[in-house]
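K.L.:
Single-letter residue listing:
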Amino acid sequence: MARTRISLQGDPVRGVPMEIRTLIAHPMETGYRPGADGKVLARNLIRRFRCSFDDGARTQLVFAAELFPATAANPYIAFHFTPPGNGTLRFVWEGDQGFAQTETLAVRVA
Amino acid sequence: MAGRQLFSRSRRLVLSAGMGMAAGVLQLRPVAAAELPADLLAAMQVFAQGAAVREGRVVLEIAELVDNGNAVPVRVAIDGGAPATAPVVAMALFNERNPQREVVVAQFGVLSGRPEFSTRIRLATSQKLVAMARLQDGSCWFRSVDVIVTLAACIEGES
Amino acid sequence: MWLEAPLPLRRLATVVLLLLSGLYPVVMAQTVARPEPADPRRSGFDFMGPSTQAMQRGDDRNPGMLWVVDGEALWSREPANGGKACIACHAAANSSMAGVAARYPAFDAASARPVTLGQRINVCRQQNQRLPVLAWESPDLLALEAFVAHQSRGRPIAPPADPRLAPFTEQGRQLFGQRLGQLNLSCSICHDRSAGRRLGGSPIPEGHATGYPLYRLEWQGLGSLQRRLRSCMAGVRAEPYAFGAPQWVALELYLAQRARGMLLETPAVRP
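Chains as they are written, first to last, in my numbering: chain U, 1 to 110; chain L, 1 to 159; chain P, 1 to 271.
A hint or two may mislead.
Which chain U residues face chain P? A few, computed with CB under 7 Å, are given here [as the list claims (entries may be wrong)]:
| hint | residue |
| --- | --- |
| 1 | R3 |
| 2 | R5 |
| 3 | R21 |
| 4 | A25 |
| 5 | A73 |
In silico negatives: residues of chain U with every beta carbon more than 12 Å from chain L [to be verified]:
| hint | residue |
| --- | --- |
| 6 | N44 |
| 7 | G56 |
| 8 | E94 |
| 9 | Q97 |
| 10 | G98 |
| 11 | A100 |
| 12 | T102 |
| 13 | R108 |
These aren't lab readings, by the way, just hints derived from the structure by calculation. Fair warning: this is a prediction, and the values are worked out from it, not measured in the lab. We treat Cβ as the ideally placed atom computed from N, Cα and C, and that holds for glycine.
So that you can see chain U by itself, here it is in the shape it has in the complex (with noise of 0.2 Å):
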């Protein structure tokens, strides 16, 4: 399990978009680069991420993006969020090696 931080950037209003900032501990090897011995290190990165919002009927897209190895390690994604009322969102981080890692965050709007 890859340590994750997220946060939401200030209290969540019905109909207000907000910005969510996301970090994830991975070392994103890009498959280009050798190591000590001279050979190339395998390909490691997280090629997926997706936020979606489950508002108890159905689950919608937030944002969602395609990642390449030239996204930095431990990437550092942020986009915004308009909650349409109370809800959980959900963080899908997936890619090489079979990783794949879920977080959920509650949300209750004012």
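We have chain U; now place chains L and P onto it with these hints.
P.N.:
Positioned in the frame of chain U, the structure of chains L and P alone reads:
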């Protein structure tokens, strides 16, 4: 120490780009489409899904002085926000000189509410960077800048 | 009357008046009590670009915080051998560890020499938790070190006024001024004499260890002061001392004295 490669590929690029480079201030020189190399244009066309790609509307915020090409903060947004009639569906970042053209391709859901995102990217060397946006009506916009990367002076061995 | 005076006299008078007006603030300064001069020392933070500074300042942006969060989990985790977790003796770290990192390296009576924070954590693991030591630069040791040092963030670096530390600090001072390697440079030549100037495209900082363990963009990860000093030695083409060598402790002691009063930033971000 014997048998170890002294410089990784990225460091060789570092050295070649480092020679004679002006220290300090980064020039964010806007770049016209005509100056973009063919493989970069090809990647942009794939994202555009056949639409004409026009220059403008996209905001590309990147550090004026890049401390280290391993982690360069960037923000991609739409100047003045997208029109309500044609919200932004996707945005992407492309580069000129990394081993691969794509940097990130982002998709905006109905619950996004603001067409922008921030992340940190790797820049192997000084190069052109292209940010693009595709709107719901199919129209496609781009902005391109020249980025100069200042590099680590002391190249260390493998710890 | 002024205009009636001959031109050369007017010129002389003008020069004299300008000289006197320049002397005025100097004269006044001697007679008026002056405030303490601001600390001329600058942290490596000041040499970074604004976006890297923003990366350090925001806890939700600072990649070093991922290690701090890891360390927090380790602090409470009961070891597999059934022994005590850190929290069992030390309770909440934000109170028990507040100010601790700011006064390290500290003298360890048992070994009759100073120890760094990382070494102290390992001593505790061995003696009080009956656990094997954590390897140098291992993720768990870095996480614990980052978590403990983070509890002193914002506090002034305050190496203890312990006379037993004096010979080791002096050793560190000598090492700092000693020329090394094929490039025949000492720490002092770059970081005392040439701080603020540029090497390649990068500014040379003053070399104050104010934020360790820190996230170095060049490493794409968190690392210790020892790692940074070793890479500096490799940079001047000298064979670095081994991990855990007494020279590192002496240097760290001297650096703490040199940075006395500057604020701890752990986990810092640096290029």
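K.L.:
Could you run down the list of hints and mark each one as holding or not?
P.N.:
Results of checking the hints against the structure:
For R3 (chain U), the interface hint holds, the least distance from its beta-carbon to any beta-carbon of chain P being 5 Å, beneath 7 Å. Taking 7 Å as the C-beta contact cut-off toward chain P, the hint placing R5 (chain U) at the interface holds, the least distance being around 6 Å. The closest approach between the C-beta of R21 (chain U) and any C-beta of chain P is roughly 4 Å, which is under the 7 Å cut-off, so the hint is satisfied. Against a cut-off of 7 Å between C-beta atoms, the interface hint on A25 (chain U) holds, since the closest Cβ of chain P lies about 4 Å away.
For the restraint placing A73 (chain U) at the interface with chain P, the shortest Cβ-Cβ distance is roughly 4 Å, inside the 7 Å limit, so the hint holds. Chain L leaves N44 (chain U) outside its interface by the beta-carbon criterion, the shortest separation being 14 Å against a cut-off of 12 Å. Look at G56 (chain U): its CB is around 14 Å from the nearest CB on chain L, clear of 12 Å, so calling it non-interface holds up. Every CB of chain L lies more than 12 Å from the CB of E94 (chain U), the least distance being 14 Å, so the non-interface label holds.
Here Q97 (chain U) stays apart from chain L, with its beta-carbon at least about 19 Å from theirs, past the 12 Å limit. Listed as a non-interface residue, G98 (chain U) keeps its Cβ farther than 12 Å from every Cβ of chain L; the least gap is roughly 22 Å. For A100 (chain U), the shortest C-beta to C-beta distance to chain L comes to about 19 Å, beyond the 12 Å cut-off, and the non-interface label holds. With a cut of 12 Å on Cβ distances, T102 (chain U) stays outside the contact zone with chain L, its closest approach being about 17 Å.
In this structure R108 (chain U) is separated from chain L by more than 12 Å, as the shortest Cβ-Cβ distance comes to about 16 Å.
The structure shown violates none of the earlier numbered hints.
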